[in-house]
Amino acid sequence: MTSVLLTVGDRPQFVDGVDDPHLAEATGPAVLFDVDSAATDSGRPSLSECTSAPYRPLAYREASTDWTDIDFEAADHWVQMGPEMRHRLVEDHLATLDVSEFKRATNGGSASIITNNWVYSGSPRAYRVAGRLREFVTVLGELVSESRA
Numbered sequence: 001m002t003s004v005l006l007t008v009g010d011r012p013q014f015v016d017g018v019d020d021p022h023l024a025e026a027t028g029p030a031v032l033f034d035v036d037s038a039a040t041d042s043g044r045p046s047l048s049e050c051t052s053a054p055y056r057p058l059a060y061r062e063a064s065t066d067w068t069d070i071d072f073e074a075a076d077h078w079v080q081m082g083p084e085m086r087h088r089l090v091e092d093h094l095a096t097l098d099v100s101e102f103k104r105a106t107n108g109g110s111a112s113i114i115t116n117n118w119v120y121s122g123s124p125r126a127y128r129v130a131g132r133l134r135e136f137v138t139v140l141g142e143l144v145s146e147s148r149a
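In this note's numbering, the protein residues as written are 1 to 149.
FYI, nobody ran anything at the bench for these hints, they're computed from the structure. Just so you know, nobody snuck in bad clues.
Restraint ranges, calculated between C-beta atoms of paired labels, are given here:
1) Ala-63 to Phe-14: 21 to 29 angstroms
2) Ser-100 to Ala-24: 40 to 48 angstroms
3) Gly-82 to Gly-9: 27 to 35 angstroms
4) Gly-9 to Phe-72: 27 to 35 angstroms
5) Pro-124 to Thr-27: 40 to 48 angstroms
6) Gly-122 to Asp-16: 38 to 46 angstroms
7) Ser-123 to Ala-24: 46 to 54 angstroms
8) Glu-49 to Asp-69: 21 to 29 angstroms
9) Val-18 to His-87: 21 to 29 angstroms
10) Asn-116 to Asp-66: 13 to 21 angstroms
11) Arg-125 to Asp-34: 25 to 33 angstroms
Quick list of in silico lysine to aspartate or glutamate cross-link-like pairs, EDC-like style, CA-CA up to 16 angstroms:
12) Lys-103 to Glu-73
13) Lys-103 to Asp-76
14) Lys-103 to Glu-84
This one's a predicted model, so the numbers in the text were calculated from it and none came from an experiment. Each residue gets a CB set at the ideal place from its N, CA and C atoms; glycine is no exception.
Generate the whole structure from the sequences, applying the supplied hints.
Listed below in structure tokens is the structure:
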């Protein structure tokens, strides 16, 4: 896999994983993804492609903070979501998911259990991202909204 750094105002750039010096230079919100060889063969993937494709998130950085690694479970849930669900969460990190969407994002996880990455309420249950997954989605949403400005 190849890593791609996404930052505000810059084109996505290939980096050598979490130890690359370019990560320390990244200011403002930023996200690091592992992308597949098809993305590297076609040139740098766009921000939109990184949001749509099931690329594995590695880390994120909010403005003026240190990098935060994305845990295995949160990264798996992001990859398992479909592009529509990823777009909806990037647009609104507080968007709710129904039970079937939650099951898809958690690879068939029981709707009666909850993880550090999800909270639920109501009947029927409505799920929202939480923890590191929500922080990651929030930062990615900032990048998307600032790229449109």
